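Got chain A sorted already, so can you dock chains B and C onto it with the hints?
Residue numbers (numbering that gives the first Met the number 0), protein chains in the order written: chain A, 0 to 299; chain B, 0 to 754; chain C, 0 to 199.
Calculated from the structure, these hints are not laboratory results. Keep in mind it's a predicted model, so treat the numbers as computed, not measured. We treat Cβ as the ideally placed atom computed from N, Cα and C, and that holds for glycine.
Computed Cβ-Cβ distance ranges for the label pairs, DEER-style:
(1) B:640 with C:190: 40 to 48 Å
(2) A:123 with B:708: 33 to 41 Å
(3) C:186 with A:27: 48 to 56 Å
(4) A:45 with C:32: 36 to 44 Å
(5) C:125 with B:93: 50 to 58 Å
Far from chain B, by Cβ distances over 10 Å, these chain A residues were calculated:
(6) 61
(7) 65
(8) 80
(9) 222
(10) 243
(11) 273
Cβ-to-Cβ under 7 Å is the rule here; a few derived chain C residues that face chain A:
(12) 18
(13) 22
(14) 23
(15) 27
(16) 33
(17) 37
(18) 38
(19) 41
(20) 42
(21) 62
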Amino acid sequence: MSFEPMLFGAEEEIAEPRPRQRVWRTAWLEAIALFLLAFALYALTDILGVLSTRPASTSGRMGIAVLPALLWLFLSYRAERRTRQPRPHLVAVLVLGALVASGVALPLEEHLFQPERWLPSLDFFGRLLGYATTVGFTAEFLKYLVLRHAIWPQHIGQRLDGIAYGLAVAVGFATVLSLRYALLTEATLAATALRVASITLPHLAGSVIVGFFLAELWIGRTAILWLPAGLILAALISGAHYAFRAIAIVGSPGVGSTGSSPLLGLLLAAGFAAATFALFAFIITSADARAALALSRRLP
Amino acid sequence: MSRLSLRLPVVLALVTTLIVSQIALLKAQDDEPLPPAPVELNEEVIKRATVFVMQTYQSRGQPVISCVGSGTLVSADGLILTNAHNVLPSETCRSDTIVVAITVRLDEPPIPTYAAEIVEASRGLDLAVLRITQHLDGRIIEPGTLQLPFVELGDSQQVSLDDTISVVGYPDFGDAPVEVTRGTVSGFTAEARAGNRAWIRTSATIPGTMSGGGAYNRQGRLIGIPTIAPARVGGVTVDCRIIQDSNGDGRADANDQCVPVGGFISALRPSHLARGLVRAATLGISRGQEYPRTLPPLPADPPRFSRLFFTTRINEAGIPANVVTAVPTGTTSLYLVFDYDNMVDGMVYELRVTVDDVPSASHSLPPTAWSGGERGTWYIGSSGTPWENGLYSFRLFIEGREAASQNLIIGGGPRETPQFSDIVFGFPDADGNLTGTSYVLPEGSAVQARFNYRFMTPGLTWSYIWYFEGAEILRDTQPWQGEAQGIWVMPAAGEFLPGQYRLELYIENALSATADFIVAGGAQATGPLVFSEFRFTTEQIDGVPTGPVRADFPAGIAQLYAFFNWRLLAQGTPWTRRWLVDGDILFEITEPWGAPPDGENYYLGLDSLTTLPDGTYEVELLVGNIVLGRASAKVGLGQLPVGVFASAEGVLMSGRITDAETGAGVPGVMFIVLKPEFSVEDFTWNQAQVLDLALADNEGRFQIATLLPRGTAEEPALYSILVRAAGYLPLSADGIIVTDSTASPVEINVALSRN
Amino acid sequence: MSNFTSFEPSPPLNRVQRWNIYLALVTAVIVLGLGLTMRNTALTATQPFENLEAGVRAQVPRGWLIDTAGPDFVIRAQDPDALPFKTLLQISVLPIGPDATPNKVLDLLTMERAARFPAYRELLRADQTVRGEPAKRMEYVYTQDERNPFQATVSLVIQGVDVVVLRRGQAVIITYREERSAFTDHLYYFENLLQTVEIF
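Extracted from the complex, chain A is given alone in its bound form (with noise of 0.2 Å):
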């Protein structure tokens, strides 16, 4: 039994086995928009006080709420377009994370786990864990299950693949969630624009994780409870995210203070994306560098 180290840098550059869409670039765009774009809105009507404070409509909300999409259409799908051999079925994964999350992720939420009746109540890993184990497990949950019936493994040709079809689904079922908040909340752009960040981010750091091991999955040389790991660790930071976030965007209300911080959530939901992103862009990495250079040394 030999010891592969996964997170050793390449020795040499290696030519891409497929010639596909980076996503990381694309990523990171998607993510930095909507960052800056819900930062903006909030510096308008919060600081500035350019934009109005009474609710936007219904209409404006749902621009807001299908923002991520439209980025996502964008750059990467558009930039994945543009590749020699762009990734099949995106729009199709996409599609389905938004029908998981509207036929099966929010009828649970609503009607079995019902987060708002008891988690509130709950300390700080009482809450991390009981969204972990409902809400946030649900969704990595139904997000895996649209990857592994939809294009796993046969459109896993790489470990990016993995992140692209996560982030694909991931901004699907964000966007639900968002919508949903849009059409039943009446609240202004800004606080529906950071809302909607703070949907959208999280999900796609699980959805990053969830890609990478099920890619992982189907081209390394995993363990037994791989998946499983890789579920877990996916809830575990979407309950983690949930967690922060009650001790982020509240404060202490006073004389002076209204005891809410909505811009503390938005540098949260972007942190938790930022850190996940670039954790896993070191290992996609290291580790195509390490199944470069083992083939390299196999090759004649």
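For chains B and C alone, kept in the frame of chain A given last:
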């Protein structure tokens, strides 16, 4: 170089001295304890505590408003202090229901919300206390369930000239929001029975419908009740608005009931005159059954004022010490004294004063309710405020009609005209000195009058007249044979039977001094013995004590009766009875004696809504302002429970709870304020740890009904708050500081973040 | 070119991959089971309450605002989170005469409440048992309006249920009140209370 070397140390020394002195000064300022900043008037609380009172009656199934006025909530459970004429039914103000409208939004007119009942009322003082008892739909309000904003009574005896006051009330017949009018105290008007502060006069312009509202000092304490005379049919002309078709003829016209709203108020009834009424109502105590007395029938003859004269001094017994016809420049004290007959409490009387034919608002008394009973001697005036020089004309009006007048000149230097003053009555002791000098004497035959005289000259004609029950019994005229100045003792011959006496002294046929006295009771060492054998019991039947007679009663009794015997008290003699609890007067009634001259088992009762609170109950009996009988009984611990009179002092906490994302109010959210001794971490969700809680309304607004007790700058009160609602992240905070200088209300706006 | 309706057939999986797939399903079942257990535990978490003087012991929901100092109840618990009405559970003890019946106690309650609650109306009376003891159950509705007249609050329709158990000169009244639309959803709080209440 040498100059530089000299200059540098000097400059350094100067700079150092300056710095050190500044530091020392700052430190000294730090060390010196600053007086606590006075808590300023909380206008919002006062406005919310001001209610609009309407007398209504049913006509053809529809409520008809007959009279309106303002009132002030003086307890959280709905006690309202207002003018008696605002709530007592009368010919003008037909009434079967008293409707209370409250200010829900400060910029909007009041909203009829409750029905109230009269707990206590004094037509004479024109003060009444109401209790909110029902919702307008007839549902009973359980005692203690209301949590309304209220104000505390201040000490109106401490009000000074030129103090700033705020008068709060409704300026219209319910069509305008509650209004605050600011002004200053322009003086005080004295009246018999109520003393030198029977009225507080103000420069504020107060509309008539604010009558019954409140006047507040800078600390927000109620120090006066703006009071206008009750409207009268055919009486003082008032603005009367027709607003309803009260007779059901399909038209709202001159034949319909109109609502009197006119006039302006310049007089405030001091709040100390209402303290007893409010305390009794707060304790749930009312006057119980009393000895069946024969009160004279309402006078058939027209009311009248007579024997008008002026005095510059009123003594402690309420007797004019001198009689003046002209007053020198610089006088600050002057009273008009007059006799009255056939008056009825609640009648409207008025004093109009002109100075050199120019009306003087400050010396006049606007139309007000009469409070002196049927007959006696009355005075109006003021002390402590300057009377400018001029020819004064005093005109008295009864129900808008002139009843009497008298003129007086103020000006010039002190005159050395012969005069008598300071008449007192008593008995000679073994050495011939006058003892027991007062105005209530026991039955006997050796009454002497003693008075001062000044600037007398031998041979000057002087005379005296003795009266008994208004009829002359003795008169004599003599040439003066005494010194120019001194004390004269004048024996009075004859048998002095129980009753009311008067002595008038004249110099050259002009009244120079006069005093009344009462003969009652038998002689004893310390004075007349009129009332004796005081006993207390809890039950009586037909004037006979049937319960245990004792001085200590267990807690939980519902009634208390004071029994006593009396002797030699002539019918018609004015007497006063008081009930006190722990030294505070609850009830005080002055009226003519209406029982036989001698008797046993006169009784005075106290009733309670539930049970009489623990305390020391005292009854005091007075004749001619002299306390002639006093006895007390303890109930329970003999002391009122601590905090029985709720304090309105504290900080109001209110605010709005919104959704952080929508900005909309979140209805139903619970806002909890913990008692200062508990922090959020200590809180175990036990109600005993909660100071108070409130639920947000439709707009997300909440208001903590309990005022937050203040701390001090050194030891601030620290409060913790919690906000919780399903679907939102819970919020909490410790350390909300409330000190004696914290402005009220403390506004806390909370934005709830969704889960 | 991607196609929305058809995907390529899946290539064969090795043993590890198959087991990962199976174990992912097993994990889902376990994790969700754990999550639901946590949820149910949190929603039904209780704390003990005991009043020896009144002879009542019960489990009341944890995290509710508990008042044991009221003049007319032994314990009153209110859900501070509930919107717009604070779900209420209450146990009160009423002294009764030897001839009193549960029905009479409910009559007294009805008379008292009809004067106090706007639009009070009794819905039903039925027999039931509380931990083996015979009891009488009454359901009713009324409207609740805000006591503070300075607040603009819409009246709520409240549905309530009382269960009366008689015991040695006392009637123990166990009460549940909830805003009408949530009455059935939260009835389990009351059922839990009935299952745990001990009258001794």
